[in-house]
Amino acid sequence: MALHHALNSLASDGRHTTVTRLPDAADPRHLATVRVGADIPIEAGAVRHLRTTTLRHTDRRPELSTPVDADKLRSIAAAAGSEGAMLRLLRPRQVLDLASAAGRAQNAEAEETVWAGFLGFAAWATGDVSGALETFTQAVAGLHAAGNFVDELSATVVLSDLWLAAGRPDQARRLCAQALASAEAYGSPVRRAAAALHVALSEMDIEAEDLEGAASHLGAAAPDDRPMTESSHRWFVAKGLLAWARGDAEGAVQLLNQAEQLHRPGFFPDVRPIAALRARVWIEQGRLPEAADWARERGVAVTDDARYLREFDHLTLVRLLVAQHRARPDRDLIAHAAQLLDRLLEAAEASGRTGSVREIRRQQTLVREAQGLRPYAREPSARMAESLSGRELDVLRLLDSELTGPQIARELFVSHNTVRTHTKHVFTKLGVTNRRAAVLRAREYGLI
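Here the sequence shown stands for residues 296 to 743, numbered as in our numbering.
Note that these hints are calculated values from the structure, not bench results.
What follows is a set of in silico ranges between Cβ atoms, one per label pair, in the way DEER data are often shown:
id	residue 1	residue 2	range
1	T598	Q666	17 to 27 angstroms
2	G581	R310	51 to 61 angstroms
3	A333	F413	35 to 45 angstroms
4	D588	Q666	23 to 33 angstroms
5	L506	T723	14 to 24 angstroms
6	A301	P336	16 to 26 angstroms
7	Q666	S710	34 to 44 angstroms
8	R593	A301	50 to 60 angstroms
9	G741	R626	20 to 30 angstroms
10	A510	T723	20 to 30 angstroms
11	S425	D334	41 to 51 angstroms
From a predicted model like this one, the values you see are computed outputs, not experimental measurements. Beta carbons: idealized from backbone N, C-alpha and C, even for Gly.
Work out the full structure: start from the sequences and follow the hints.
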């Protein structure tokens, strides 16, 4: 069994092997000699065989024509029984029946995995993140059980997106980091899936203001001459977000334009449209006419119903309305924006989308300021509240707990110094000087 697993591992690494069994008659403990030769092409089947190592603990051998006597069979049966297993001799017809039943079970398992994936996508599209997490986690587990390693890695990216929507960036990062470590161990056969994981981690780094880490991940996932896939555009999106975070708005727009050209509709719900991302860059630049054109072309309005697939568009629209109100006050329009946010918040809270709830509440802070509803001048401005990054909000959420600084660092998979830096930023932006005051102020603003 150990030899079988070793040969599978070498084959998945693209190495030719020659095996001599029982090479030394004088040493019965020396079972085999393995000589590793030249490189060979890596086949998908070799990677699948390697993945079955954790599922199948036997070495399948061809049948021999030499009969085995009854005493040896009884000895084998006794040995199996001592390990809690059973040995049953099957007639030829029973062997066929068993093979047929096993085949049906394997097909049913594969179909169940596919259906779980589609059900997850359907739940996600309606905003039911909790249901999508449950069913899509089952789908990923099914891919793992089937030894479909490449699809399992790609599906992990989708699963991490769902955890982000659920407001758990720590879990999303943990999944991607673990999957990437496995992918890098397998090498070139899974490089496309590894690239997707790098891109996902880069976006998390951008949100956490770790721009160097994001650039490193994007460098490892840089596009090459590989065939385009459904998610090929995502590298350009992440690269655009990185440029935006570095203050290069024009570069961000150009990269988002490239991403839009590469984007192909697929099974994944388009919950973060590229056009809306570009509109957000324009709004920050003060290019409000271009952003207003986007809203008209997209057909998004403050009177719309709250639907998850339009949520990102609606939150972008609110940013536009606040910017327009600052340039030319319009109380009726900003009041409609507040009503839209109320509908979005109700839908997000009902579906357990904590990530959405946080952004909606930040936008509500902006709208309330635009309406002149901030009661005390001493409170930090809504713009300062808006400037809290996703990772700073994660730290703020954990400050409202019994966790110590080092424990918060372990929870978020960052260093203690990084947590200290984020905490200082939170204190500054909220206008406070200690942890308790930060939590109280955050509650006043609806940030936690």
